[in-house]
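Peer 1: Using the hints, position chain B against chain A.
Listed in order, the protein sequences are those of chains A and B. Heads up: the first sequence is residues 65 to 114, going by the working numbering. Heads up: the second sequence is residues 95 to 692, going by the working numbering.
Worth flagging that the hints you see were computed from the coordinates, not collected in a lab. Zero decoy hints are in this set.
To give an idea of the chain A side of the interface with chain B (calculated C-beta under 10 Å), a few residues:
| id | residue |
| --- | --- |
| 1 | Arg73 |
| 2 | Gln80 |
| 3 | Ser81 |
| 4 | Ala85 |
| 5 | Pro87 |
| 6 | Pro91 |
| 7 | Glu92 |
| 8 | Gln93 |
| 9 | Leu95 |
The C-beta atom is built at its ideal place from N, Cα and C for all residues, glycine as well.
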Amino acid sequence: MSSAEENLRAHHIVQQSALPAAPMAMPEQVLSRRWRGFLLRPFLQWLALR
Amino acid sequence: MVTLRRAASALFALAMALTASYLAIGYFDSDGLQWLDLARVVLLALSTAWLAWGAVLALNGLFSLRRGRVPRLRGPITVRTAVVVPVYNEDPVKSFSHVAAMVKSIGRTSFASQFDFVILSDTTDQRIAAKEEFWLVRLKTEVSHICKIFYRRRPSNPGKKAGNIADFIKTSGALYDYLIILDADSLMEGSTMVEMVRRMEADPQLGLLQTLPKVIRARSFFGRAIQFSASYYSPIYAQGLALLQGTEGPFWGHNAITRTRAFAQSCGLPQLPGKPPFGGHILSHDFVEAALLARNGWKVRIDPDLRGSFEEGPDNVIDYAKRDRRWCQGNLQHSRILPAPGLKRWSRFVFVQGIMAYVSAPLWALFLAASIIAPAMTVIPDYFPAPGLPVFPKVETANALALLTGVVGLLLGPKLLILIDGMITGRNRRFGGSIRAFCSVVIEIVCTSVLAPIMMLFQTRAVLEILAGADAGWPAANREAGRVSLSEAWAASWWVMVVGLITIGAAYRLAPDYLIFVLLVAGPQVVAPFVISGTSYAGQALRRAPVSLFVTPEELTPSQVMREQQNVLVRWRADTVELSDSIMAEQSEDPAEARTSR
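Okay, chain B solo, but in the shape it has when bound:
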């Protein structure tokens, strides 16, 4: 059934690509086919196939029978699970408040004694490391009566996050049957952790079970648009993905549970020969770990129905683009792993998908560039191929319109279908009702349309940098980043504006007939600094608007672990301020001591 579904989905994508090529050839042929037109057709076919594949995930998710209850063990839990929280130069007040809330949440189940929490620090900043020790004491004082809490810090961080977890398994892995792998910004209900263990216990061949984490705590317009998108569309796409992948599912590096034995046996990652960006440590290790588990015969599954799993996302375009740059390097590095022996075909296909997610940006950019140049290279048509009356070339405007409609349909169709599905099934009620959901979807589509050409250039630059051998490194995630001033936005995106202006200039000169279409792409690029800065503000104002936008169920009714974490964080932050005040007071009382202590 999975193979049939995969074949049908691939055929759909292929059919869309062929249809687009056919329409494009018909249109380009009206003034004679040039070699550049053939290049445009190939670029369009690749890009359309990629778009169609995205759409097919949503269609699979929408038009599938909901899965029945997944197998789960009943009765008491006797196995031991470590909840692993890797941290790397993050604010310990914030990340430890997440741990405190999760410990309290697991304490509300009957199985707290079966879970240990393990904070694996790779922090390199000595000041943050000292703060980690301080807040560890606070964390343990408050919640260590519920669960055991361990903390270990590596003096250096070889292998980055994958190396951090591997080091833990090599040191202490034998104590635990399962590992719940989280990120520093992850949050998970205790009941969800218990349910994950039950599902793992019910299937001895299940090596890894991935949840679909919901994005929470977004504050800006941009962050809230992403949060809404993740909450509203992603479950449908994930359902489609779950049906296509069968037991060769994804691992997204966090908010997942793995069988320790399976992970240890399959996921010892070597360093790739050569230097970064293509050699060295494997950056996007999660995809590779999922592929290696499947290679060793373990099942890897995503269960989108598992609730109570959360993460935080970037709140502005710049942080999003920085994360994208890292992911882009990691995905392109997978081209080295693509021919690895013994991998399942689907795993290889997943690597190709990951690479295409970024390579599609330069493909679209090339298509745009070729489309602007092509009219200038058109040969003057021969109006008198034979003596007699002139023969005028037939312009296939209908083909162009059909092509445009098709591409827009593939982009917007799945979102509109999800909206209609929400109206029919009543799912929209959880998003504040159908009117609010409709307004949110429309504004999200507008927002995406404006941001897509800007992101296309950021991704194109990332791909070109990586191909030129530039390494992004592994900067700490900026989870508390806030607003972006216009000057910061200008510094990050002036070049996007320049590219946009050049594109408009070239279109005006070479292809004036296409100028209106080119403006749809290059227009947002010209105002990129304003878009980047503007979308980093005004997040909360959206909730106060007459029709509050981008409302999610997690916002309307925050889960207990979310409320708990917020309470702990507010309390600890207040104490931080008091501590700072008292330190300042001590220093001002005894300036001599303050000088010597520096």
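So that you can see chain A by itself, here it is in the shape it has in the complex:
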């Protein structure tokens, strides 16, 4: 096999290695607690009543 053929074959092998498409959802997880809201909520409720 000539060098050009060899290169073409190598290129073909690399191209063939691409990942097959089969998407899957991966939702972003909630890691933060809403401290501010938690602390402010009673105050805001009290304010709303006024």
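Peer 2: Showing chain B alone in chain A's frame:
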């Protein structure tokens, strides 16, 4: 049962901390209690609780009934599994030789068609990326008739390794029921992969199953000490951990299998608000992923009985400290995730453990500093509290000795118990017999005692740097690193030597009575460059010694996949040399072309 075991273990650690505090107060009180003494007591209590927790893992592992056979599916395997190998600027000859060996190994089972191998490259160095493509062709030419092999390279690497795997799941995850997640230096027997799938299939609620990888291929004295330690002690500690954690186990980021659906549903990691080191991408993502799987009701388990799972480790102190710096940042970053909603209590405790693993170093350092300063702050005792004969303060030397014995006992006791257990059960035979195992344990303890004060300073510095806002980044792991010259060791650790000298000077001046104890800690620090350089050599000489040290079962009888990988690597390396020679020859024959091609 798990809750009871956890409570008993926590009580043991607490009892040890209280006993240490009681003894310390008795001793410090002999010359009057100062505010600094109270600080010392708190520091000692925290450090002792941490030491006791380590010991309790070993005790749980030793004094537990061995688990019976875990449930596993029998018969043919119909599910599909992707063996995922993330790479990042690593030597492709080395990492692809691991893939080749594992493909051949899975080929020796009857289920090769159910496994695909996926190389996920995050390589940013263009030269290494070109080499990856070259060696991919070689890899596929040799083994693609056994399994499908896929390769994909991301142009940039957002999210680092976690982002790399998430990208794969989002692109192609739906094809696979399970993912076996590896590292570039991981090695796993095909039969182990099949067994992992069988165990996952037997329990539909099992989200992730972690193996206990054995460290292999260490060459230096330091590397072999770590390798022996991982092979000899770790299975016992892991057994203890497995019993305490129940179904809220660990994920160590590699050499594990996960249910794709569970992982996709639970482990999409957000970026933390703010800048690194505490904000940005989650560095130690594995602990967080395990916690999130447990939060969503999936079981996470470690099965220490699974054999045929291997990894490589750092071969010198500098590379170990670099890895530690990264892990330290990742673990301290977990303080941001600690209050995340819905996490299991044990998951939060695991985060605290991870943080304590590094914070304990500055705590010990502070305790040492306070102990040197404290005698200088002692008030002159009142020998005549009442008219008449003088009253001399009672020095509670017995308390000090009991305290010292207790701390040393917590440090060494578990190791010696594991040695005795090995003698009784015959486990030592796999480590070359009880005499060799005894010699290895003694030398390992000496080695650890010398290295611990040096590592304490490296870890203290890492914690302080991170608290000051310095980001370690994510350098590629140096898996082929070898010996460290004295000048390299000096550049990395001159400051450790300076700290050691200052400590000795301060102890000589302020607390001469404690000088001998201070020397045990500061002495190794003063000779740190020599220790770091010296332990990076002479690994193989240990095997040739009259009583060969640090022998492991993996060394005595390497598994088939290890031998296969070594054969492939030697063959490919030889070809690399030939290729380089031929390129050099071509260049020397045609210098004009060589110039233009540059």
